[in-house]
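Trainee: Here's the letter readout for the chains.
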Amino acid sequence: MILPFFGLVLTTVQYFDDHKIHFDPNSLYQDIAECVKQVHVTGEMYKSVLSNMEKYVHKNPGLSEYLQRNAGMTYMLGPDWRELFTHVVVQARKPDFFQGKTPFRLFNETTGNLHYEKVQELEPGKVYAGGNIGEFASKASLTGKGVLYFGDHIYTDLADPMLRLGWHTAAIVPELAREIRAQNTDEYRENVKAIFNPRFGSMFRTYHNMTFFSRRLMRLSDFYTSRLPNLLKYDVDHSFFPRRNELWSLLRRAQWAAGQQKIDPPRRRMELVDAIEIPRVGNVFLRQGPRREQRGSLILMGHHMIFAPQADSSNDPNNTANKEEFCILHRMIDRVVSEPRSRDPNSKGGILTLKCKNFMICVFEVLELDECMAAARTIETLSNLNGFSLDYPFFYRCPFTILDDGWRAFDVESEFARVSMNAPEMFRVSEVNKDFKVCASYPEKVIVPRGIGDDYLRISATFRDGGRFPVLAYFHRHTKSPIFRCSQPLIGPTNRRCKEDETILNALLSIARGIIIDTRSKVNAQSAKAKGGGAETQQCYSQWRYVTCGTPRIKDLHDSLAKMVDVSIDKSVSSDRWLSRLASSSWLSSIADYLNAAANVAQCVACEGTQEVPVVVHGGEGVDSTILVTSLAQMILDPDARTIRGFQSLIEREWICGGHPFSLRNAHSAFAEGTITGPYEAPVFLAFLDCVWQLTQQFQHSFEFTEGFLLDLFEHSYASEFGSFLGNNEMEKQKHQVRQHTVSLWSYVNNPEILKSYVNVLYEPNESVTWPSVAPQSIQVWERLFLRWQRDWTEVNAIREAAVQWRLKERQLASKALSLRRQLVELMKEAHLAKTLNDVRVAD
Amino acid sequence: MRFEDILTPRVDKVQLVDRWGAESNICGTVHVTTSHVIFKADEGSREIWLANGLIGTVERGSLSVAGCPLLIRCKHFMQIHLLINRDKVCQELYETLVNCSKPTNIESVVAFENRDQNEDARGWKRLEWMTEFSRQGVSSSWMKTDINANYKSCDTYPEQLWVPSTARTPLLEGSISFRSRGRFPVLTYFHRTNGAAIARCSQPNAGFRARCVEDETFMTLIGKANPHQEIVYLIDTRPMVNAMVNKVQGKGFEDERNYANIRSYFYDIENIHVMRSSQIKVVEACARAKTMTEYLKAIDSSGWLKHLRIVTECSLFIADSIAKGISCVIHCSDGWDRTSQTVSLAQLLLDPFFRTIHGFQVLIEKDWLGFGHKFDDRCAHIGANNEEAPKEISPVFSQWLDCVWQVWRMRPRAFQFNERFLIELHEHAYSCQYGTFLGNCDSDRKSLSLSTRTKSLWTHLDSRRDDFLNPFYEPASFGYLLDIDIRASSFVVWSGLYNRFDEGILPREDIYNSTMATIEHVGILEAHVAQLRNKLVELKQQLGKSAPGNASIMADSGHGSSSGAEGVDGIQSPTSVSISGFGEESGYCEGLLQPVALKWMSERDATSCSSPNCGFEFTSRSERRMHCYRCGKIFCRRCVHLTSDERERVCNLCNNAS
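So the protein lines, in turn, are chains A and B.
Every letter in the first sequence is one number past the one before it in full-length UniProt numbering, and letter 386, counting from 1, is 386.
Every letter in the second sequence is one number past the one before it in full-length UniProt numbering, and letter 48, counting from 1, is 48.
It is worth saying that the hints were derived from the structure and are not from the lab.
There could be a bad hint or two in this list.
Claimed, not checked - Here are the simulated DSS-like pairs of lysine-lysine, each with C-alpha atoms no more than 30 angstroms apart in a straight line:
no., chain 1, residue 1, chain 2, residue 2
1, A, Lys555, A, Lys522
2, A, Lys829, A, Lys756
3, A, Lys434, A, Lys445
4, A, Lys571, A, Lys522
5, B, Lys224, B, Lys152
6, B, Lys297, B, Lys224
7, A, Lys571, B, Lys446
8, B, Lys281, A, Lys563
9, A, Lys829, B, Lys599
10, A, Lys571, B, Lys324
11, B, Lys290, B, Lys306
12, A, Lys555, B, Lys297
13, B, Lys251, B, Lys391
14, A, Lys571, B, Lys281
15, A, Lys555, B, Lys290
16, B, Lys281, B, Lys297
17, B, Lys391, A, Lys809
18, A, Lys563, B, Lys306
19, B, Lys125, B, Lys324
20, A, Lys529, A, Lys499
21, A, Lys233, A, Lys735
22, A, Lys809, A, Lys756
23, B, Lys152, A, Lys571
24, B, Lys251, B, Lys290
25, B, Lys297, A, Lys522
26, A, Lys522, B, Lys290
27, B, Lys152, B, Lys247
28, A, Lys816, B, Lys599
29, A, Lys563, B, Lys290
30, A, Lys756, A, Lys735
31, A, Lys756, B, Lys40
32, A, Lys37, A, Lys55
33, A, Lys563, B, Lys297
34, B, Lys125, B, Lys281
35, A, Lys735, A, Lys555
Just so you know, these numbers come straight off a predicted model, no measurement behind them.
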């Protein structure tokens, strides 16, 4: 303990000074250190402590309670404190315990002696003496990240476990409670700061920098608290989100005054507040962004940041649109870059660049580099939180009344009702996946072939990657052909087979052969075999035709999006490079591949012969390109899917319930490079939206929704105030109670006021199959997506608006003419009854 | 095209091959006439009409089991694959088609047979130089000169020319002698608001040392003709290297040191040979490419979009300078290819008049036809007489139309015409059906007396004006188009032109066509509603309940069925009426009013004419679909006609029914 030691030094020096005794500070220090060591080693201190327990040892209420719960022990709380601990080690002689090689010795409680036998293993309930940490770790098998080590001395306690054993460490800093209480008093703030300097005071920071103390604390401990029972306030499985260089405190700091805060700080919000190093950056200049260049200030909040333009003295009414503040969800930010304004070390300013997941780039010029860095760190932390339990949807208060709850709007039962109307005897709803026991990424209810029992499904699940056994995705009522989807069969290098799986597939067949469409390329499907996957063999699935249509791997898709965005935001891109870079990004060719695959599926379902042809689609894991292809095929085949409601249902059913891992795939977007992104990010859903957009371009009157709807879906899938795209599957949704605590995107979209803006007025229901052209000449760059922030869209909007106005006028006139005609007919009848028809008949 | 050249006027049992392999072959007959090559299917209604002038190249493949393949590549990018059973027949057809495609004399093209006697001459008077320049508001600092009367000074210029009014004849003669082919700087556009002007010329015979005092003075006078700014931007559209090469041949460019008031700019617009091979590549890419990457790489390597961008960039620079009040003189080598492109595009950006259908025609008449773009040579109207001829072919005009289309695409509301207009112009620049694009220059056309012997394209276009209207045109909203985005990403391949005949590739539903139809329909409905109202008032008056009833009709309250008609059953009940069907039209007041379709057939389903005895299949997306006003169905042009009072367009069926 360093503080008591220095207390002693100080007291001694004070005593010498008071009594005018001359001394050599160096010698004095050595003497005191020797004394302190001596009282510890000889046990004199313990004797005096034992003689006056009341004075020296404070009871720690709550500790036993904490330990009991945390360790999950089954004991009842007994009088014996030792029952709370698995291992008891005494006389460890820290710091030797950490550095030395002292062996453990068994302590005989009856005799009070130490055994001389070599301790082979540490038995619970026994008391040991001496020992060293290395031996302790290996004998008690406490290794790696699973261990949390509590200690009260940063250097001697925490450093070794952390550095040598890789344990998590937690610092107990009892002084904190008093210190912080003192620091938060007005007296302290005003007086002490006045005595020293305005930046003095906090234990943790001097102005925007960390103190030496907090730096050490951060370096060597994962978290800290004043006393252990503080943890009682948290769930057992609560996650703390540590970050290097962050001021991470479990102690609630004074909540900053948030005048403009629109949302009340609810539960669990304090961690976010703690991450905010600087709540407001004043006087920044918006160099680039969704508004014109202007001054303003940046306000950082738990879930979003707001740019508030400076009040302008010249109140130009034309500029109001440009003067509005704008708000960006932290989750929307893909990458944060802060850099000095110039290389000149004397210049103070910084440039803060925010690259968003919707490909918008905001550039702010900040006057102070320190502020710029602090803001960048804050945003980076808040935009990269692990998990989603702290995400905005959980804190979002719905400002509108929910008329049509999106969480309940689409369910398996109603979908099944739709299907079974056309195919009464073919399918059934199975609850085999209750509590997600069979497949983690499927919903609890799935539609399966009627003749197949749940036991077969369970066995098939063991044979399919991730347990994704074949389930119904779509039923084409004209040809009575179903589309099933699943994941790859786990054939493996040993050529496993699964009779039950074969039975399930064969149950779909009636007359014709079925078709299995693998979304991977042939090579990839083959090479998956070595890793335990593979593809259906002709021997085992003899009644099925196996077809591959190579769609890109998700990793490649991620890369190609990055390249695509890179070239489309490049302002200087010249003619020579644009096309070649477009080609090398291969985004368009990926889109063409997906469309091609979906068109193939649709063709098998709708055209192949007259009999029903079941189609089974799978890729690798069956959660990415599989879902993309089956849902896109439905867009082509199903007139219902082209309505707004049908499209929502499709996304909810296939993507959200179907287990597309949104949290993983959409954690980052095009700007994340290198270490920020992992192997899981991929814009699969975006690719789907792009494909749908290609369809809408080819059939401008066949889709009930507008381009704007697709763009908004894209943004919501990355960052949203709604819970629809949270989590990777239904299981996670249920675990975090997403449906209970958040608002569904569909509740918002289906609000009549909002829905209006998404409806394509030019829509004319089109019952036929919309066969898309997949020729390269027909695939276009989705300009509104990729060049959205580069181009002026007034022209496009105006055209659209004019077309809409004409169409509305046409409808209005037609219905007016109709009502007039009815009146005319009525009058004619009347005239006829009055036998005056002959007089009325007038040649035109 | 003489009748003797047609070896085989008719070939039976020819198979038409779908080049995408999606459909089975269609068996039919090929007829060759002096004006068209026609394929007619034996069964079904498939017909292809191909003007002889549009035949580009004909290729014969070797005989196989299926037959002897014959590939006709057309100048409007149609490709016709035929299979002919017998080798000999194929050879004959091949020779016939080659003859058709390459008339030896310009006077043997179709246009000279296409003239009906009662042609009104308005089409040939599209451009009156005097009228056009007074429309532009040319100030007194410019004047008309007769120096080129009878084309004696410069045979490729028009007879009437405008030059600075301070320039005297000797000065002009000096400049004429110093310019290549005598194409000295003359006015083509005067910007009324600030007095700046665009003048065009050819390169000077400068070589390395030669000077011409008259030419230098003349340039000063052009500068002085601008009241605000004497500096003249001299824009050489060629790459610097090309200009240097020309210097060696005694031509080249002006030396800035010799001219007191010029600033020189070079723009890297490549020559006609580069453009020719570039277009061949882009057409090939559009026709052949199978994969996305292949396609993009092929488009990239063709460089076509890059060329479009540079032409547009140069035009934008000219337009920008003019808007700033600085006069520009533009030349390339001869001043009839790149100069025509940039000068006319710049005017299009500057002057809203040129963005109307009429104005666009004037622009073409002036800067392309008037100042001597060599349409005969560039579009290969006549067959190759010598080895030089193929080198003269170049899609300069197509390229310019492509540039216009790119600008049109960026600012569609600024143009009165639509995409179809540009495509039609492109086709007829090659088709030789009309006299407009015949001849290499003004004097050529005069000596061929085209205006009396052939039909003008403009007359033809006038008669179909409805087809070319842009539904989104906002005449008042756009002045200069100087804020267009000329980044590379703004330029895209014009698949509407290059893939015009590939049904499957183009979007199935098009907002321009559907909105145009909607607007037309709205007009009819308005008239119909007015008519109905009148009839209602009339009827009510006869029934003796005029005053109150009148008000209620005008207010359009959905007039209840309470008016004593309950006794009559089953004639019309509100629930049985929907506006979605075609059938309900006959239900109301027959004989009282002309039937009017409340709902028009969607263009989505219209792949062929609705007339049962026609069934004509539309050959391209850009082909106009015509609705019958009475039944609302879609017909081809041949199956609908205007009624005698010209107020209605009806199909034959509805016409017979009435």
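Trainee: Against each hint, give a clear statement of whether it holds in the structure.
Mentor: Against the structure, the hints come out as follows:
1. A/Lys555 x A/Lys522: 17 angstroms, holds
2. A/Lys829 x A/Lys756: With Cα atoms ~41 angstroms apart, A/Lys829 and A/Lys756 exceed 30 angstroms; violated.
3. A/Lys434 x A/Lys445: 7 angstroms, holds
4. A/Lys571 x A/Lys522: 39 angstroms, violated
5. B/Lys224 x B/Lys152: 27 angstroms, holds
6. B/Lys297 x B/Lys224: 49 angstroms, violated
7. A/Lys571 x B/Lys446: 50 angstroms, violated
8. B/Lys281 x A/Lys563: At roughly 26 angstroms apart (the allowed maximum being 30 angstroms), A/Lys563 and B/Lys281 satisfy the hint.
9. A/Lys829 x B/Lys599: Holds. A/Lys829 to B/Lys599 sits at ~25 angstroms (cutoff 30 angstroms).
10. A/Lys571 x B/Lys324: Measuring from Cα to Cα gives roughly 26 angstroms; hence the hint holds.
11. B/Lys290 x B/Lys306: The given pair, whose Cα atoms are some 22 angstroms apart, holds under the 30 angstroms limit.
12. A/Lys555 x B/Lys297: 23 angstroms, holds
13. B/Lys251 x B/Lys391: 21 angstroms, holds
14. A/Lys571 x B/Lys281: Holds: A/Lys571 and B/Lys281 sit about 28 angstroms apart, inside 30 angstroms.
15. A/Lys555 x B/Lys290: Distance of about 25 angstroms is within 30 angstroms: holds.
16. B/Lys281 x B/Lys297: 11 angstroms, holds
17. B/Lys391 x A/Lys809: 54 angstroms, violated
18. A/Lys563 x B/Lys306: 21 angstroms, holds
19. B/Lys125 x B/Lys324: 33 angstroms, violated
20. A/Lys529 x A/Lys499: 19 angstroms, holds
21. A/Lys233 x A/Lys735: At roughly 20 angstroms apart (the allowed maximum being 30 angstroms), A/Lys735 and A/Lys233 satisfy the hint.
22. A/Lys809 x A/Lys756: With Cα atoms ~17 angstroms apart, A/Lys809 and A/Lys756 stay inside 30 angstroms; holds.
23. B/Lys152 x A/Lys571: Distance of about 52 angstroms is beyond 30 angstroms: violated.
24. B/Lys251 x B/Lys290: 46 angstroms, violated
25. B/Lys297 x A/Lys522: 25 angstroms, holds
26. A/Lys522 x B/Lys290: Measuring from Cα to Cα gives roughly 20 angstroms; hence the hint holds.
27. B/Lys152 x B/Lys247: Holds, at about 27 angstroms.
28. A/Lys816 x B/Lys599: 13 angstroms, holds
29. A/Lys563 x B/Lys290: 23 angstroms, holds
30. A/Lys756 x A/Lys735: At roughly 34 angstroms apart (the allowed maximum being 30 angstroms), A/Lys735 and A/Lys756 break the hint.
31. A/Lys756 x B/Lys40: The given pair, whose Cα atoms are some 49 angstroms apart, is violated under the 30 angstroms limit.
32. A/Lys37 x A/Lys55: 22 angstroms, holds
33. A/Lys563 x B/Lys297: 16 angstroms, holds
34. B/Lys125 x B/Lys281: Violated - the C-alpha atoms of B/Lys281 and B/Lys125 are around 38 angstroms apart, more than 30 angstroms.
35. A/Lys735 x A/Lys555: 28 angstroms, holds
Comparing the model with each numbered hint stated earlier shows that hints 2, 4, 6, 7, 17, 19, 23, 24, 30, 31 and 34 do not hold.
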